[in-house]
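J.: The residues making up each chain are set out below.
Protein chains: 2
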Amino acid sequence: MTQPNMDTFVSLCKRRGFVFQSSEIYGGIGGFWDYGPLGVELKNNIKRNWWRAMVQLRDDVVGIETSIVMNPRVWEASGHIQTFADPMVDCKSCKHRFRTDDLLPVADASAPGRCPDCGGELTESRMFNLMFKTFVGPVEGDASTVYLRPETAQGMFVNFENVLTTTRRKLPFGIAQIGRSFRNEITPGNFIFRDREFEQMEMEFFVMPGTDEEWHDRWIEDRFNWWTGLGVRKDTLRIREHTKEELSHYSKRTVDIEYDFPFGCFSEVEGIANRTDFDLKQHEQFAGRTLRYFDEASNQQIVPYVIEPAMGVDRCFLTVLIDAYAEEEVRGEKRVLLRLPHELAPIKVAVLPLSRNEQLVPPARRVLDLVRPQFMTQYDDAQSIGRRYRRQDEIGTPFGVTIDFETLEDEAVTIRERDSMEQTRVPITKLVPVLRERLPG
Amino acid sequence: MTQPNMDTFVSLCKRRGFVFQSSEIYGGIGGFWDYGPLGVELKNNIKRNWWRAMVQLRDDVVGIETSIVMNPRVWEASGHIQTFADPMVDCKSCKHRFRTDDLLPVADASAPGRCPDCGGELTESRMFNLMFKTFVGPVEGDASTVYLRPETAQGMFVNFENVLTTTRRKLPFGIAQIGRSFRNEITPGNFIFRDREFEQMEMEFFVMPGTDEEWHDRWIEDRFNWWTGLGVRKDTLRIREHTKEELSHYSKRTVDIEYDFPFGCFSEVEGIANRTDFDLKQHEQFAGRTLRYFDEASNQQIVPYVIEPAMGVDRCFLTVLIDAYAEEEVRGEKRVLLRLPHELAPIKVAVLPLSRNEQLVPPARRVLDLVRPQFMTQYDDAQSIGRRYRRQDEIGTPFGVTIDFETLEDEAVTIRERDSMEQTRVPITKLVPVLRERLPG
Numbered sequence: 082m083t084q085p086n087m088d089t090f091v092s093l094c095k096r097r098g099f100v101f102q103s104s105e106i107y108g109g110i111g112g113f114w115d116y117g118p119l120g121v122e123l124k125n126n127i128k129r130n131w132w133r134a135m136v137q138l139r140d141d142v143v144g145i146e147t148s149i150v151m152n153p154r155v156w157e158a159s160g161h162i163q164t165f166a167d168p169m170v171d172c173k174s175c176k177h178r179f180r181t182d183d184l185l186p187v188a189d190a191s192a193p194g195r196c197p198d199c200g201g202e203l204t205e206s207r208m209f210n211l212m213f214k215t216f217v218g219p220v221e222g223d224a225s226t227v228y229l230r231p232e233t234a235q236g237m238f239v240n241f242e243n244v245l246t247t248t249r250r251k252l253p254f255g256i257a258q259i260g261r262s263f264r265n266e267i268t269p270g271n272f273i274f275r276d277r278e279f280e281q282m283e284m285e286f287f288v289m290p291g292t293d294e295e296w297h298d299r300w301i302e303d304r305f306n307w308w309t310g311l312g313v314r315k316d317t318l319r320i321r322e323h324t325k326e327e328l329s330h331y332s333k334r335t336v337d338i339e340y341d342f343p344f345g346c347f348s349e350v351e352g353i354a355n356r357t358d359f360d361l362k363q364h365e366q367f368a369g370r371t372l373r374y375f376d377e378a379s380n381q382q383i384v385p386y387v388i389e390p391a392m393g394v395d396r397c398f399l400t401v402l403i404d405a406y407a408e409e410e411v412r413g414e415k416r417v418l419l420r421l422p423h424e425l426a427p428i429k430v431a432v433l434p435l436s437r438n439e440q441l442v443p444p445a446r447r448v449l450d451l452v453r454p455q456f457m458t459q460y461d462d463a464q465s466i467g468r469r470y471r472r473q474d475e476i477g478t479p480f481g482v483t484i485d486f487e488t489l490e491d492e493a494v495t496i497r498e499r500d501s502m503e504q505t506r507v508p509i510t511k512l513v514p515v516l517r518e519r520l521p522g
Numbered sequence: 082m083t084q085p086n087m088d089t090f091v092s093l094c095k096r097r098g099f100v101f102q103s104s105e106i107y108g109g110i111g112g113f114w115d116y117g118p119l120g121v122e123l124k125n126n127i128k129r130n131w132w133r134a135m136v137q138l139r140d141d142v143v144g145i146e147t148s149i150v151m152n153p154r155v156w157e158a159s160g161h162i163q164t165f166a167d168p169m170v171d172c173k174s175c176k177h178r179f180r181t182d183d184l185l186p187v188a189d190a191s192a193p194g195r196c197p198d199c200g201g202e203l204t205e206s207r208m209f210n211l212m213f214k215t216f217v218g219p220v221e222g223d224a225s226t227v228y229l230r231p232e233t234a235q236g237m238f239v240n241f242e243n244v245l246t247t248t249r250r251k252l253p254f255g256i257a258q259i260g261r262s263f264r265n266e267i268t269p270g271n272f273i274f275r276d277r278e279f280e281q282m283e284m285e286f287f288v289m290p291g292t293d294e295e296w297h298d299r300w301i302e303d304r305f306n307w308w309t310g311l312g313v314r315k316d317t318l319r320i321r322e323h324t325k326e327e328l329s330h331y332s333k334r335t336v337d338i339e340y341d342f343p344f345g346c347f348s349e350v351e352g353i354a355n356r357t358d359f360d361l362k363q364h365e366q367f368a369g370r371t372l373r374y375f376d377e378a379s380n381q382q383i384v385p386y387v388i389e390p391a392m393g394v395d396r397c398f399l400t401v402l403i404d405a406y407a408e409e410e411v412r413g414e415k416r417v418l419l420r421l422p423h424e425l426a427p428i429k430v431a432v433l434p435l436s437r438n439e440q441l442v443p444p445a446r447r448v449l450d451l452v453r454p455q456f457m458t459q460y461d462d463a464q465s466i467g468r469r470y471r472r473q474d475e476i477g478t479p480f481g482v483t484i485d486f487e488t489l490e491d492e493a494v495t496i497r498e499r500d501s502m503e504q505t506r507v508p509i510t511k512l513v514p515v516l517r518e519r520l521p522g
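In the order they appear, the protein sequences are chains Y and U. In terms of our numbering, the first sequence is residues 82 to 522. In terms of our numbering, the second sequence is residues 82 to 522.
Isolated chain Y (complex conformation):
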């Protein structure tokens, strides 16, 4: 399989309407991206797939959706106000600011070095909080300061009791959420890999203490299988254990699923953490109330442990698109295609009259009207049929339906399959059931 180089890939994303720079006509804004007509469909399909796997198909997980702005006490309790920070240094002469990590081994906190931009002297390293802050109400100041959430997870922890009560759950059970989060990254980059605004899919799975290590292993396996089930090739994925030094303040053990990106290294696409009882206990203390589960077997109130599979939609988007990218030679010409799994493809069916001949328009519109209510469909009648097939290949459309002059005689159409390019003749009356069989869900 081919991995595209990043430039080719970013250009395809823009040219075909997957991803645009945010506010591009104003020169953009670093770390923020927009999803175009095809991008939003792919993104929605990824989210739907995750929700189906994590919520609909499971007995033991429910969803929620919480606000991005929360009571700021949440971030005191979670530790984000104190510890969610990167060490930074400033240049005393050109005033540029850098992540200390990026300058290593040039600079460290004890021995500041010289500015890579101008050679000036650097300040000592200081902590810079990654949360965006804003103000609620008419007065700006400390009393009205709130934050844009840097993770969706706290929405689940503060609703632990609400969910427990309203759904009458027993341990183990999970709470899942999909939603935007914000981190004021100093060095966003690698296209949509590290953004300042991004979308997360997180699930907090509450278990009896003592069963946490076993559940952690089960979730690592389960999540790895989810990725390969999406069609991502096994040899491009790996599992990496966090070292003691890189563990988050709340974590007993964290494992990353990493993908071999074309920008040069295996990088995290999902983290599965054992958050222990850290968050619930912190909220108990800061909110001054108990957040416990009554265990009938032991007749005790206990604070559950938490296993958290957490991933970014944008990184998943990048991964599945890159992994689906392929170049082939077909009859001496290069064919670019996205071998996206059917359920993720933005457009499922392209309806393609052989030409703009006026006799072909009525049956083509009739086919469109049949197919569109069932599947995301695109109608395309511009340029030669060969070019239109290539256009659909390049955006990953699994099936093209061609209406030709024979259709006028036999009331049948041709289905062309993206990967094999095989063509099958099907009566119009059977078209939807035949497509439905090959496009479940």
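Just so you know, not all the hints are guaranteed correct.
Note: identical chains are not told apart, hence a pair may lie in one copy or across any two.
Claimed, not checked - Using 16 Å as the maximum straight-line C-alpha spacing, the simulated EDC-like pairs for lysine to aspartate or glutamate come out as follows:
| hint | residue 1 | residue 2 |
| --- | --- | --- |
| 1 | K251 | D461 |
| 2 | K176 | D303 |
| 3 | K251 | D303 |
| 4 | K251 | D462 |
| 5 | K95 | E242 |
| 6 | K333 | E322 |
| 7 | K511 | D140 |
| 8 | K415 | E242 |
| 9 | K173 | E322 |
| 10 | K128 | E475 |
| 11 | K251 | D88 |
| 12 | K176 | E221 |
These are computed hints drawn from the structure, not numbers from a lab.
Fit chain U to the supplied structure of chain Y, relying on the hints for placement.
T.: Just chain U now, with coordinates in the frame of chain Y:
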């Protein structure tokens, strides 16, 4: 039909897991709400329904998804920095702040009155901007100030050219988006009706100038039909024309669809505005580039006019829930039910073994495994079957499937329909197709 009083309704929403106060364990935060396990499903179903109607089923509309934080020049061009503000007065003695509008006729800009809280003297009225601001990058200050979008619409305008180019569209065509927006409202209220963080569904429909008034009328009709198609009763909806005084700065004509809420008045649930060419022209000027459409017929570059149907997901959620609420007397007992349209119901099917008898568990789990991959399903075996039916009625579940001792003999189950309470016996092998017929989509 019954309309619930707001207290009863808010309490149902909390008790059954539709809506919780955000950060409730910390005393909440005004104007921010969370959606519980049932709420998030209903919200997703509303969004899916809108997307299907506005994007999937139409030839002339595509979707996008843009970032919440945009280049701040966008809000200079759109007029939001200058004009998106409410007039406010402060009390000189107790320092409380009020919307000038709320104090009328007590106070106006020319003749400030006395504070309603302490009787102190009020300042003159000043404008207070409703956009939340934050800072990007490590330095806080004017140069790094950005805003949380107060509407999704500008995401479409700044991407007009990107969408036009990548989708090769002809006028008229539309760009649709669903996403969160933020307004620093001084007086949020009426439950989730007026929030500081909310979700919008907006569509910008670009048309040839001169055809805008006709398209405006078509969209008003189309959108009204969407609401009644959702099952909202016609006599609880009305269409109201904006007066000249209340028109937004960009609007030539705006029409609201209003719902008769139990908090005492018809209030806006959707606005359909003729935004003219205001936004595109402003962006042309501020970005210093043309944002035009080449019209082949007249051989001219033109700036399209825009018709915008814009609504809030949260208000739609409130409307459909209130409108679906019903109380009935059944055999001398009160039955509370939500007559939600099937496509919006959070749970489609409840699987209910008659009791926890161990003989019933295996067939009940077998039925669950059949149904769950097809529909959002809930398994409930706690308490009497009568109470479980009532629980499902109260959350709007269209179908209950009961597994009883006869099932052990005849491999059949009983389907109970929510509204009529009619029961039908169906073989397990036919269950999914029978449900599928009554739960399309």
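J.: All hints, please: hold or fail.
T.: Right, here's what the structure says about each hint:
1. K251 x D461: between (52 Å within a copy, 13 Å between copies)
2. K176 x D303: Neither. Shortest intra-copy (48 Å) and inter-copy (56 Å) distances fail the 16 Å Cα cut-off.
3. K251 x D303: Answer is neither; intra-copy 21 Å and inter-copy 46 Å both fail.
4. K251 x D462: So K251 and D462 pass the 16 Å test across copies only (13 Å; inside, 56 Å).
5. K95 x E242: between (44 Å within a copy, 12 Å between copies)
6. K333 x E322: Only inside one copy: K333 and E322 sit 12 Å apart there, 60 Å across copies, limit 16 Å.
7. K511 x D140: neither (36 Å within a copy, 23 Å between copies)
8. K415 x E242: Neither, since 57 Å and 29 Å both go past 16 Å.
9. K173 x E322: neither (39 Å within a copy, 60 Å between copies)
10. K128 x E475: Classified as neither: same-chain Cα gap 22 Å, cross-chain 28 Å, threshold 16 Å.
11. K251 x D88: neither (50 Å within a copy, 30 Å between copies)
12. K176 x E221: between (27 Å within a copy, 14 Å between copies)
Hint compliance for this structure: hints 2, 3, 7, 8, 9, 10 and 11 are broken, all remaining hints hold.
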